[in-house]
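S.K.: For reference, the chains in residue letters:
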Amino acid sequence: MNALTLVLLTPLLGALVLGLIRPPPLAGWFNLGVSAVSLGAALWLAWSMALVSDLPGELIGPSAGPLAGQVSAVIAGSITGNIAGLPFRVDAFNVYLAVLTAFVALTTSIFSRPYMRYVLKTGRIGQRRLRTYHSMYQLFMFTMLLALTTDNLGVMWVAVEGATLATVLLVSLYRTPEAVEAAWKYFILCSVGIALALFGTVLTYFAAQQVISDPADGLNWSTLYSQAGRLEPAVMRLAFVFLLVGYGTKIGLVPMHQWLPDAHSEGPTPMSAVLSGLLLNVALYAVVRLKMLVDGSLAHTANPHLAGYLLMGFGLVSFLVAGLFLHRQRDIKRMFSYSSIEHMGLMTFGFGLGGPLATFGALLHMLVHSLTKSAIFVTVGHAAHIAGTQAIEKIRGLIRTQPAVGWSLLIGVAAIAGFPPFGVFMSEFLLLTATMKTAPWFTLALLSGLAVAFAGLFRHLHPMVYGTPPEGQKPVAANMIPVAIHLTLVLWLGLAIPTFLANWLDRATGLITGTRLL
Amino acid sequence: MNLSLLPLLQQLVLVLAAIVLFLSFVLLAQNRLISAIHAFAWQGALVAAVTTVVAATGHIHHLYFSAALTLMLKAMLIPWMLHRLVRRLELERHTESLQSPTLVTMTAVALVIFSYWLVLPMIQEELTFTRNIVAISLAVVLIGLLMMVFRTQAVAQVLGFMSMENGLFLAAVSATGGMPLVVELGVAFDVLVAMVLFGVFFLQIRESIDSLDVDRLNRLRETTGEAPDEPQVEAQ
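Here the protein sequences line up with chains S and G, keeping their order. According to my numbering, numbering within the first sequence proceeds without interruption in unit steps and concludes at 518. According to my numbering, numbering within the second sequence proceeds without interruption in unit steps and concludes at 236.
Just chain S, same shape as in the assembly (with noise of 0.2 Å):
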């Protein structure tokens, strides 16, 4: 038993008996059990990552560390290995994505655990539903986790369609005429766009045959990177078009936002939290992990850097709308998917610009976000509980009915819009200064599209957190631990990035990018 398979056996079986498991109380235990041992388990994968040197060219036998047994070497900065007969490889970029979803799972399975059996209370679902939202939930951490440590492109693929897949049943939870409607857009839009994805793998494994000699290995990232100078452009071109477009819709890019919203305000509250904080970063990774590929075999042609061009373009036209869409939005939760739609739009600019400070900045930018973004979530749950109605217009005085919910919310999005001491500024501060070194016109056009977000942010949660209380809101049962230790971790963010936490996204950028920031 090495780390990697404990990561992803224990949702995977955790799934399989919660969909067993009758009693509510105790599956709502055993969740967050699963998720405690994941999140275990990733820190412990993170650490044999830490200890592996990254000198290109050092090369670990394979009894070495806690990864022994099935794992075959360490190149260059990566464990790769096989379980089952597939390849994985963890490095520095995917494994601090797997120790964040695990956390931001086990702090939103926290929330889950009384918010479910509140609304098992109140009758909206029963417990058959229950425990398919339980099964489901660790179903859909096993995806994504498979998605980010396989090594085969194929894989990644089938992974993040089982994502779709585990998710569209939960966001349909509620069975009214609204969630429905809201799985239904959510399963078309992101299985069609998924299966341009798989066009685009097609494409890739085929401009693969062309180079690499055995077949089996061709849809391999390891392999694929060594060899992309390699590959045919014209046909990488043409492929990264459809990869984009397909794992752009999952990450929300405008235009192909339309199932965002509506998914994130009709599923159930941790649902929203962990599709905003996670599934949008797991397909942001996949686009990253095909550009390094499409880059290297541009790299040679009279356009090299066509793929980041297309980034940046998808993500300032995702980061300017989606702002723009914040000041018309009437329901709580789909005014925070559509501040999510806007910071993925950053971060996707991010990565499109490239060079090793947007890169980093865009890394930092996915970790803090997920962390404030689930937050928000789990409080807007509570904040909904206490009004009773998403409907921003009768949410009114938090704080003076439950000071604990009203200032989290309004701590959390003073992070989210970008102030100081919080980890959000940080890193928007070191994209603003990426572009305005590399690209310094569209500083202009980020600025501006943060400042609209602010306000759109901000008019709606004003009367929300300090207006006059309507007559007979009461308090309820919150547990805001969660939001604490996210919060609390992003304003630590801010204030001073721990070295182990910058060298480890230093060593991520220097594997997208070639060159370290630090």
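Just so you know, these hints were derived from the structure itself, not from any lab. Bear in mind that the values here come from a model prediction, so they are computed numbers and not experimental data. Not one of these hints is a red herring.
To give an idea of the interface, some chain G residues facing chain S are shown, with a C-beta separation under 7 Å as derived from the structure:
(1) Pro-121
(2) Met-164
(3) Leu-168
(4) Ala-171
(5) Met-179
(6) Pro-180
(7) Gly-186
(8) Asp-190
(9) Val-193
(10) Phe-201
(11) Gln-204
(12) Ser-208
(13) Leu-217
(14) Leu-220
Using C-beta positions, here's what the derived DEER-type ranges look like:
(15) Gly-85(S) / Arg-88(G): 37 to 43 Å
(16) Leu-192(G) / Ala-439(S): 44 to 50 Å
(17) Leu-6(S) / Leu-192(G): 27 to 33 Å
(18) Trp-441(S) / Arg-84(G): 54 to 60 Å
(19) His-38(G) / Ile-83(S): 38 to 44 Å
Note that beta-carbon positions come from the ideal geometry of N, C-alpha and C, so glycine has one too.
Mind docking chain G on chain S? Use the hints.
M.R.: Same frame as chain S, but now just chain G:
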């Protein structure tokens, strides 16, 4: 591009692929659901046939397996599931004509030309066969997409999605000699699970709007007027 110079088996693959494309047009313009499901089943069977021929030409053994898989899944299991659902939802006599069939068909023709144009710079001269097959598969994928846009009936949309998958399979099999087996199995598994979920959703949609016309799923939009429905979800 002289097709008659290609080996006979490759010519056979091209002919079969052309029929797959033709069936995409049939699917697109088919008014009766049951007939559309039959057309889809035939399309799946043809993709399986293409797979077998490619396996025979290249002596690629695992392709025989994926041919069998395609035949079972695309030509039998999924059409059968759809058939059952249609009967259960009492839609056997359901007919739905496209708003403007001429426009849709012309768009589909344009998509075929577009696919050929897209792959034009892609491949060196000697790969006539691959270029054709990639263009045809891309056209099948895009026509599937077109069908999902223009059809408002949920079952017809699912057929469009499934025929997109057929196009993808065609590309994977004939241009690359099949993806690694584990990927193919994974994709097939995903498609199967998706089909089961589609079935669940037909029932849920039917329950919530009493119809399968997804154009009537229009409660969620960017509201400018009145607020979203009353004590919506999170109610006490």
